[in-house]
Amino acid sequence: MAIVAISTEHLTRRFGQFVAVDDVNLQVAAGQFFGFLGPNGAGKSTTIKMLTGLLAPSAGRMQILGMDLTGNAIDVKRQIGVVPEGMALFGRLTGAEYLNFVGRMYGLDRDTVSKRSAELLEFMQLVDQPKTLITDYSHGMQKKLALAAAVIHGPKILFLDEPFEGVDAIASGTLKAMLQSMIARGATIFLTSHVLEIVERLCSHLAIIHRGRLVAQGSLDELRAGVAAQAAAALPPPAPGAEAPAGEKLTLEEIFLRIVGGARQADRELSWLG
Amino acid sequence: MAGLTFSREAHGQFAAIARVRWQLFINSLRTLRGRFEMVSRIFIALAFGIVGLGGATGMAAASYFFVSQGKIELLAILLWIIFLSWQLFPVMATAFTENVDSSNLLRFPLSYPSFFLIRMVYGAFDPATAIGCLWLFAISLGIGIADPPLFLWATMVFLVFAIVNILLGRVIFSWIERWLAQRRTREILGVLFFLFIISFQFIGPLMGRYDKRGAPAIARFVAQILPIERLLPPGIAATAIAQSARQALVAMLGALSMLGAYALAFLALLNIRLRAQFLGENLSESTAQKRSITGKPCGRYAGWALPGLPGPFAAIFEKEIRYLLRSGPMLFTLVMPVVILLIFRFTPGNSGKGGGFLVHAPDLAFPMGAAYALLILTNLIYNNFGPDAVGVQFFFASPVRLREVLMAKNLAHSAVVSVEIVLVYLGVCFLYRPPAAGVTLATVAGILFALPVNLSIGNLLSISSPKKIDFGTMGRQKASGATQLAAFGSQAALFGIAAVVFLIARYFGEIWLATILFLILAAIAFFVYWLFLNRAEQMALDRREAMIAELSRA
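Residue numbers (my numbering), protein chains in the order written: chain W, 1 to 274; chain P, 1 to 554.
Hints were generated in silico from the structure; no laboratory data involved.
Idealized CB from N, CA, C, for every residue including glycine.
Mixed in with the good hints, there may be bad ones.
Covered stretches of chain W (in silico footprint by chain P; criterion: 3 or more residues with CB under 8 Å from a CB of chain P, positions within the stretch not fixed) [as the list claims (entries may be wrong)]:
(1) 45 to 58
(2) 104 to 111
(3) 114 to 128
Below, simulated DMTMM-like cross-link-like pairs (lysine to aspartate or glutamate); rule was C-alpha separation at most 25 Å, straight line [what the hints assert, rightly or not]:
(4) W/K131 <-> P/D470
(5) W/K176 <-> W/E122
(6) P/K468 <-> W/E85
(7) P/K468 <-> W/E97
(8) P/K468 <-> P/D126
(9) W/K156 <-> W/D68
(10) W/K249 <-> W/E222
(11) W/K176 <-> W/E197
(12) W/K249 <-> W/D221
Please take these sequences and the hints and turn them into a complete structure.
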């Protein structure tokens, strides 16, 4: 069994009567590029917020790199990088100032921060805006800066909440290249995204959350096999002597829709819409 | 303004907007914080109500006096007061004025007339309009009691005068809004505004300083500007009523027509702005900036070297100071204590010897200046996550304890207070005389007591009632209503304690006693601050979700 980077046991979060995350048991091995999927409001962002210390769970345990998050929050946070939902940027700093700030908050010395900031700004193609405040950056530039800030301390695990949302193809390519090089060096990436094509291309393992509950977990092939098995179980048994149907090569989108029941939604139509 | 007809669906749209506004209000009352905000708004409304009713009584009495004495033209004085307060108050106190973001409306199929009407109705019941209308009605009553036949005509004139004021107010605000939409123009406007306020504050002292020698010159100046004054809305309104009393029909109708012409002119100016907004003008920050593509990589940036401070402390300290230095409104706030000392230096004293009262009691200048410096900085200290906005998430995700974040912020704010106190001290030395050693020490000891108390309360309020503020925008520096109320109570208590300490010292005739008492209180305050810091950390962790939600609001 590989080293477990992220593990949750009966992780639950309630907002009043509403259960946003319900008894989630998640296992992410170290070095995996892990995609965490789900429809809107399924509990993805709530889960990522709990795993990064932005939200307290109502019940359950979370372990990051073998450390209990509740009891070792500071030690855990030193090992992880986060691009949260709102990017958490400080708008009235420049990009260089912000990276410097973040690096020093993670305990890096001034020289190291300075060197890494310059490299990151160059890598992210943000060097052309040395005096521009972050508030004046475009959305894509802000995303790139947020990712740069999340990796400046060399985290072992990176949590990314919708990193490709609102990012153009060029910036998206830069981000993907960087994430893949991190994986190659042994880091673990936990990513939520609605862009299923990107997830399919990048992620080795996936989990799908629906209405707060974890409904599927495994590699893409394992999920594909699971969906195929479910479909086969629903079909009448083949006639004696007949050839078994060839296994379908489902895309992630098709797998996702079959698991969360979105296909039924797509079939419906509005009577008044022309 | 041609084609001002409403589309078929306009009534439904107005009803929908009214309904959603009502629902937003009702929904805001679901939370404890929302209810507390409502209570604070009621208190603020009561304060405005007292001002409005007090002013209305004075206006009615004055108008009755002017009309019954046959000096109807003097009504212009009252109308100028109303006109200036109506136009200046919303600019000076934008926190009390509804400033709608019309871009939200443009995605709906609203016709231009509907859009125009909605923009006019939004904020129509702000304090300036309510008080202005109340005062005009009071003047009408005063006129009606003094000369009943004049009542109807005066009411009609004041109705047009009110429309002129409402339209002019919208014109001013829509143009200011246009400037506030972009960072650079926003900050330029901020500087111009504050320069205006400073120059305005100097008019009184300068008039007082030269009134003995310059009275004839001022009288000549007033006589010269009187014809111009009669061409402006308050003067025209007063003339219309005066001509009515003389039964000069042509003159009174002419004056009313001129007032109407002003209303049309302001309507046309407003139309230019609103039409541009309706056509979807883009004033975003990004389109305004000039791209400085040089092709050269920026130099390595190492941050500030602050010996003795751990890395995270230094990082937060630098970030806080950079935010302050990039805020025009905040920089002005920091300069204000010295400006106030300057104004008091040149304010005429009651003794008639010239110079403000602080000239006659210079030992009070340093304690008063220092107290004022601390008072104005409470706006910053009591909402210390406000400028971070969505960035507050980073503090919860970073490997730094919240108590250290709070301490670093407190350290930065304490440094600002210290610089302020030094500036005030230098200002007092330069403008008055160096304060006595006993007074200086007592003042510093008093600050050592008041600062940790304010920091403790500030930390708790910053967590319990944070509000996103924009350091680059005028009028959006205010903390939440709940924080303002709590701050008012704590400042009253602190000033009360300081007054008691000084009274005790005065009773025993020994200023050193105040220093000793303040130092004892300071030691207690530091201990309490330390205890509060631990409490504040747990409180922040418990409330992190609410804090992030509040500070991440669009």
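Here is what the structure says about each hint:
| no. | hint | in the structure |
| --- | --- | --- |
| 1 | 45 to 58 | holds (count 5) |
| 2 | 104 to 111 | holds (count 8) |
| 3 | 114 to 128 | holds (count 8) |
| 4 | W/K131 <-> P/D470 | holds, 19 Å |
| 5 | W/K176 <-> W/E122 | holds, 16 Å |
| 6 | P/K468 <-> W/E85 | holds, 17 Å |
| 7 | P/K468 <-> W/E97 | holds, 21 Å |
| 8 | P/K468 <-> P/D126 | holds, 22 Å |
| 9 | W/K156 <-> W/D68 | holds, 16 Å |
| 10 | W/K249 <-> W/E222 | holds, 12 Å |
| 11 | W/K176 <-> W/E197 | holds, 13 Å |
| 12 | W/K249 <-> W/D221 | holds, 9 Å |
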